[in-house]
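Now for the letters of each chain:
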Amino acid sequence: MPETLAAHPAVTPPLITASGLSLTLTPTRETISIGPFAGCLASLNTALGITLPETFATTIAADGVVYSRAAHDQWFATAPEGTGLMSRLEASCMKLAALTNQTDSRVTLSLKGIGARAITSKIVPIDLHPDFFGPGHTALTLAGHIPIILTCSNADTAYDFTVFRSFAQSLHHDILVAMNGGIPNSERV
Amino acid sequence: MHGILNAFSSASQSSERKTSRLSGNGIDTTKTLCFSFDGHNYTGHPGDTLASALLANGVRLVGRSFKYHRPRGILSAGPEEPNALVELRGGARREPNSRATVTELYDGLISTSQNRWPNLAFDALGINGMMSPVFTAGFYYKTFMWPASFWEKFYEPVIRRAAGLGRAADEADPDHYEKNNAFCDVLVIGSGPAGLSSALAAAESGARVILCEQDSLLGGRLRAENIQIDNHPGWQWAEDIVSHLRNMSNVRIMTRSCVFGRYDGGTYGVVERVSDHLAEPLPGQPRQRLWRIIAKQGIVATGGIERPIVFPNNDRPGIMLAGAVRTYINRFGVTPGQQAVVYVNNDDGLRTVSDLLAAGARIAAVVDSRAQPSSQAKTIIQQTGAPLFFGARIADTSGYRGVKMAIIRDNKGKNHRIACDLIAVSGGWNPDIALTTHDGGRPVYNETLATFVPALDSEDLHVAGVAAGTMTTAEALREGAQVGQRAAAQCGFREPSTPPVATPAVDQDETYGVVAQWHALDKESSQRAGKAFIDFQNDVTAKDTKLAAREGFISVEHLKRYTTLGMATDQGKTANVNALALLAEVTQQSIPQTGTTRVRPPTQPVALGALGGPHRGKHFKPYRLPPTHQWAVEQGAVFTANGLWLRAQWYPRSNETSWEETVNREVKTVRNAVGFCDVTTLGKIDIQGPDAATFLERVYVNAWQKLPIGRARYGLMLREDGFAFDDGTTARLGENHYVMTTTTANAGPVMQHLEFCHQWLWPEMNVQFISVTDEWAQIAVAGPKARDVLRQIVDPAFDLSNEAFGYMAAASVTICGGQTARLFRLSFSGELAYELAVPARYGDALAKLLMRVGQSYGIAPYGTEALGVMRIEKGHPAGPELNGQTTAHDLGMGRILSKKKDFIGKTMAARPALTDPSRPTLVGLRPLSPTLPLVSGSHLLPKGKPATACFDQGWISSSAWSPTLKSWIALGFLAHGPERHGEIIAVHNPLAGTITEAEIVSPVFVDPEGTRLHA
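Chains as they are written, first to last, in the working numbering: chain U, 1 to 189; chain R, 1 to 1015.
Keep in mind the hints are simulated off the structure, nothing from the lab. As the structure is a computational prediction, the values presented were derived from the model and not from experiment. One should not assume that every hint holds.
Listed next, the in silico BS3-like pairs over lysine-lysine satisfying Cα-Cα at most 27 Å (straight line) [unchecked claim]:
#, chain 1, residue 1, chain 2, residue 2
1, R, K621, U, K112
2, R, K153, R, K142
3, R, K621, U, K95
Bound conformation, chain U alone (with noise of 0.2 Å):
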């Protein structure tokens, strides 16, 4: 019976609290970037059944898969692991569009707990208000020096940073640096 290889984490601890607030490294989700062909877009929202989001913002299909716009002409797919996203997404558009295993490149860090936006907005030179950024809305942004995706998942008191995962720890000291500097007091929460 051959060795089987175990998964190491990109941060450690996976789940740490300050200030009240949590900080967790969340499973893993099988992620695929979507590249379109030249001229295909169209047809690629067909073949997925969405209208990939055109902002910088997330859109749910009915099977559940999440699609959230990444850069410039890219998307990224993410559905639970083991639900065959990549096998899915090979059968209705593999030739609509480049299709890569983003899986482990990328891992997501959430931050959660009353005051979440403020201590996010330390390290995030973004406006974070719900107004601009709610629930749904990503943006490509910068954590300190480090590029993130930042999604906010619940106005005020969730946000996800999805980083590359050689950053990962690195921001997760940033992140944590910033939870126990606490909460301004000129916050309003």
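Got chain U sorted already, so can you dock chain R onto it with the hints?
Using the frame of chain U, we list chain R on its own:
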């Protein structure tokens, strides 16, 4: 800490000093705090500043001046303070040059005076004051000219020791700092009457408002003045408004937050003093927080800074700004003196008379420089009975460690000697307009107000209150509301959601009536101009200003540099306008013609720690960890930084005594058995699309169309200018699917390059690419036994024989019973070698597995150092060779430049200078004596020629001790290199001053036939 507090408690009980305080609107007299100054213990109250607490304890002498070491006291009650600079705290938290006037008192505060020896009362260098006639501006420049060698070794050290201010801490700052970002529609800076009414109006309109106040308390001058608004004390009105604002969800109020700079795009820099008012920050709490606030509209309601008047000996302790005197009385409940002279040129300063009397002080005299007394002056004099000298001036003062007497020269020229312990001076107010000038805006001079006021409002910046030149509270309130509403309207909030609060009524008549008097020097007192101070912090006098003008420094910017006027912690806040007015007088220009110096951020000192924020120490930049990092840590690896990556440099064993020993062992392991190395850091780019091969053809110099599926090929990229950019291998995984590798250093730039090419040069190409660097943990397994090891891991369905999977093969495989992986037959070491890639999460487990299955083959991990040695032995170029200045020809790869297709850099690479055969070209070098080191950077010279530039024929780019050849070896670039194999040349190391003879050889030192890698 408790020990210190106890010591304070016992000391204060035994102290004979008693603190008698009035009620102040900003202090809590029900609680007592202990603190020390120069080893003496005192008490104060919550809400005190160090300055107010010292004054309350009767301490007037707090420092010595910068150059003349003159005794100095407290001049102001705010951030403009030039004199009362002290050292705070101790040890690693020692903080020099702290302004006592903005230092909030806390229990256990330790402060000491600075720039004095042996003590504050008796300072030996006070003798400098007697030397002041020669220590004028430019003294150093003129005096210490010779001998020139003395400057650095003698003059400068001595001068620096004698001058200077406090001492920085010797240890690293133990506190931490953080940064924050905030956005708003309207940023209101300042919380005096104008600021509060602005914030209220903007907030009521529905705008997102941030109100920033540098002080710990809101209210601005309303806390400093005895003024009634709507039948309430002004400070109570302020508290009511603040309370209202705090209940609005669209308002954020930030105290202890100084807006220090205004930048492009409505960006403001703010430093929040989070825990400066505590002995130590609470656990986890930052000391300070640097905010970047982005505001659509900004309102500057920063109030004003009162001007001193320049007269002889105007710097004695006890001579204070009149507005500061009122602040100490009304906010802090402290009477700074018992027998006061009030010296003014405006009605506002006359408020001081009433406040002093109400506080129980005696008014010895009122000196009003205006030719005729104003009605306000007459009223006050009638009410108080104090002697009024109008059209008068102070001609001199006396009192060494504190003022004891003012010599008042009346309007008939007669001197009156008036005993006093306090002189309250008001030369009028300068609007605090620094933030309006950071974008290049120039203020304009207002004759009526005798000061500079901001130029017209810009689209996104407004000014209100004293900062705008509006000198009465009632007008400031009205103007603030208007400006607040206008700013909100410009953000799209048209009308207030509720009726605006009616403009409150100020219950006193207010007049200003300033008549400029910049200095009080007349023909007689001008003889003492050398002691008539303009800039207290830099000891710049009226005499210095005149001297500078006489010597040709007639531009105000030159005056500043020549005299040091306006420099240091206060940035000349109390000095600049008086100085330029005096310069205007000397040069017989108008004040507008003379102009002002340019004000740049920051408006107040900002700690470097705050600017750095959390990014300090090893976290000053982010780091990237390869998938085997934790495993490598467990092996005791030594790490090196490759860009942001941390990579294992070598893996020492306990019996090894040097890194060289470790690296030699790792190289030998690979050459003789098998080793493995994490090469995840190499850039990996997934390229797909019908035009993928054509795209590769254009970015690489060599051909790609015919690369079979399942094969990899070496590729070289040039920049547009024809120089080598990057190299690596690209494998074809499918019909239209490739994976490109780049060097670690160029992973980002190559991706950027590809994006540029696609988006701008060839947007018609149907190709997509995305980085997969982080997706795969890629491990090189190298050595004659590499195949044997991999056979233990790769599933049996995949044939690893040389025939089935030869050199440069590539395939998707499975390992460990079905785990997806990719396998490449690539070799950087020159040995039989593979690169095995697994999803990144399994990298750690793969390293452990390789150690287990490879144990019987003598496997060992190797780091970047051994990797480097082996690539030099094999003659592979790397960063030192691909340095941006070498061409394909230089690298010995001219032959792979395709002549059948176009590619980036082709035309420019054909320039004669780049194809000149005499260009230094890649060669190998071996010293004639194998143990003599060859050092990178050494120059290559013909044997026997002198080490001069005209004989310089090339350089060494990389060198290493080769444990395989038992010799030093090197790669280098040498003119006509390939034609000179076998020649002996001189290798000159200019740093060590050595010349070593070396033989020119092929750059491929090991296995030039490639037998091993094809095994």
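Exercise for the section: Kindly indicate which numbered hints from before are broken by the structure, ordering the numbers from low to high. Expected result: 3
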